Amino acid sequence: EPEVTQTPSHQVTQMGQEVILRCVPISNHLYFYWYRQILGQKVEFLVSFYNNEISEKSEIFDDQFSVERPDGSNFTLKIRSTKLEDSAMYFCASMMDRNNSPLHFGNGTRLTVT
Amino acid sequence: RKEVEQDPGPFNVPEGATVAFNCTYSNSASQSFFWYRQDCRKEPKLLMSVYSSGNEDGRFTAQLNRASQYISLLIRDSKLSDSATYLCVVNGGGFSGGYNKLIFGAGTRLAVHP
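Line by line, the protein sequences are chains A and B. Going by the numbering used here, the first residue of the first sequence is number 198, and it counts up by one from there. Going by the numbering used here, the first residue of the second sequence is number 57, and it counts up by one from there.
So here's chain A without its partners, still in its complex pose (with noise of 0.2 Å):
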């Protein structure tokens, strides 16, 4: 069954710098979006994307936040100056269309950030 990867698993990095959160999703899939979980709480929606445009996005998801469709496999979640906070697990996740269609989910990567 085709599934959406996401590299790295986890990411340890220092306050103030810049991160990139690669995932590829499914490949006939239309929407992509990027999900966070704080430690002990909810999945909380940051952002949407279809046709190459964010379509919807978070109050989390401010300036420091960025996504990418650079090649039309890869979709990339950019963190320009982590902060303490930002340390979360980070889903990526497509959908086919949508017309009732669920969610598939990578496995996450974990960032740290110390």
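Note that these hints are calculated values from the structure, not bench results. Note that the structure is a prediction, hence the values are computed from the model and not measured. Keep in mind that a hint or two might mislead.
So these bits of chain A aren't anywhere near chain B, every CB distance computed over 10 Å [what the hints assert, rightly or not]:
hint, residue
1, Gly213
2, Glu215
3, Glu256
4, Ser278
5, Ser284
6, Val310
7, Thr311
Here are the simulated DSS-like pairs of lysine-lysine, each with C-alpha atoms no more than 25 Å apart in a straight line [claimed, not checked]:
hint, chain 1, residue 1, chain 2, residue 2
8, B, Lys98, A, Lys239
9, A, Lys239, B, Lys58
10, B, Lys101, B, Lys58
11, B, Lys101, A, Lys239
12, A, Lys275, A, Lys254
13, A, Lys254, B, Lys98
14, B, Lys58, A, Lys254
15, B, Lys101, A, Lys254
16, B, Lys135, B, Lys98
17, B, Lys98, A, Lys275
18, A, Lys280, B, Lys98
Even glycine gets a Cβ: it sits at the ideal position worked out from N, Cα and C.
Here the structure of chain A is known, so what remains is to put chain B in place on it, guided by the hints.
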């Protein structure tokens, strides 16, 4: 009112028990409903979609009441392997630019013991 609200849990039940989870959602325009399962420090995985007429998948039964904006999940004959957090997931309601944001409840933890 929270967008998606679930029983706080945890539910501690013996093997073989029947357990029911409830969920309410605030956006009457929501059209897609799902139950996901999340194991500790893993990604959410789709358990089942929820249809208006109710649906069953083996030991799992999901119901939707649009008038009350209420979703339920019933697990019969609980197994040890059912121990996980169960997430109620609802789409944000309405479509614009092709997005279909899914919103997660905080989850209800289930612990099945021998």
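Checklist entry - Looking back at the hints listed earlier, which ones does the structure fail to meet? => result No hint contradicted; all consistent.
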